[in-house]
Amino acid sequence: MNAFGSVLRRDLLLATRRKSEVLTALFFFMIVVSLFPLGIGPESAILRRIAPGVLWVAALLAAMLSLNRLFAGDYQDGTLEQLALSPTPLALLVGGKILAHWLTSGLPLVVLAPVLGLQFDLPAEALGVMMLSLLLGTPLLSLIGAIGAALTLGVRGGGVLLSLLVLPLYIPTLIFGAGAVEAYTAGLGAGANLSLLGALLALAVFFAPWAATAALRIALE
Numbered sequence: 017m018n019a020f021g022s023v024l025r026r027d028l029l030l031a032t033r034r035k036s037e038v039l040t041a042l043f044f045f046m047i048v049v050s051l052f053p054l055g056i057g058p059e060s061a062i063l064r065r066i067a068p069g070v071l072w073v074a075a076l077l078a079a080m081l082s083l084n085r086l087f088a089g090d091y092q093d094g095t096l097e098q099l100a101l102s103p104t105p106l107a108l109l110v111g112g113k114i115l116a117h118w119l120t121s122g123l124p125l126v127v128l129a130p131v132l133g134l135q136f137d138l139p140a141e142a143l144g145v146m147m148l149s150l151l152l153g154t155p156l157l158s159l160i161g162a163i164g165a166a167l168t169l170g171v172r173g174g175g176v177l178l179s180l181l182v183l184p185l186y187i188p189t190l191i192f193g194a195g196a197v198e199a200y201t202a203g204l205g206a207g208a209n210l211s212l213l214g215a216l217l218a219l220a221v222f223f224a225p226w227a228a229t230a231a232l233r234i235a236l237e
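Per the numbering used here, the sequence shown starts with residue 17, numbered consecutively.
In case anyone wonders, no lab produced these hints; they're calculated from the structure. Note that the structure is a prediction, hence the values are computed from the model and not measured.
Below, simulated SDA-like cross-link-like pairs (lysine to any residue); rule was C-alpha separation at most 25 Å, straight line:
no., residue 1, residue 2
1, K35, P124
2, K35, S179
3, K35, G21
4, K35, V131
5, K35, V126
6, K35, R85
7, K35, G170
8, K35, V127
9, K35, L123
10, K35, S22
11, K35, V73
Build out the structure end to end from the sequences listed, making use of the hints.
Shown next as structure tokens:
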């Protein structure tokens, strides 16, 4: 666990030194979400209807912007090889990197979402459900994205290939995340969708670091 904490602190420190990379994803999220009310107009009923999908799609795309830097820097400077040779299980260290990625790219989106949701005239209760769905779903985006980032590590044109790999895997998260808010606003309750998101997150927490580790070892060979 000391090694896990060291990797987490190191990646967070690197993120603070590369603020432009973190801020790029945040500004992208803010701009994409803000453009829809401006383009559609002030019709509250339409805005409330499209709000869950818009916020979730924007969060998904913003999270993807930072996936390339998850392992690429460590791969280029040789740090990844040293982590692989460490006596600590590589999957545990990869878990620390994924957690750092979520803290710098996913958690800020969760915090910003309720503020941006006000543009769509969402009620406070729906904004709470939106925040909860993103809190469950954005770690899932980082975990799945880590597998894609590891599979495309060192591959020429890896950015495009990464998008093609992870976008289909993101679809269930998108459906259940946006569906939670839609179900709540329709009076059906968000519990089912949030439970499915939680189940997917539990599975990803267990399997994704191991899958990413296997892909990293292949890339290092």
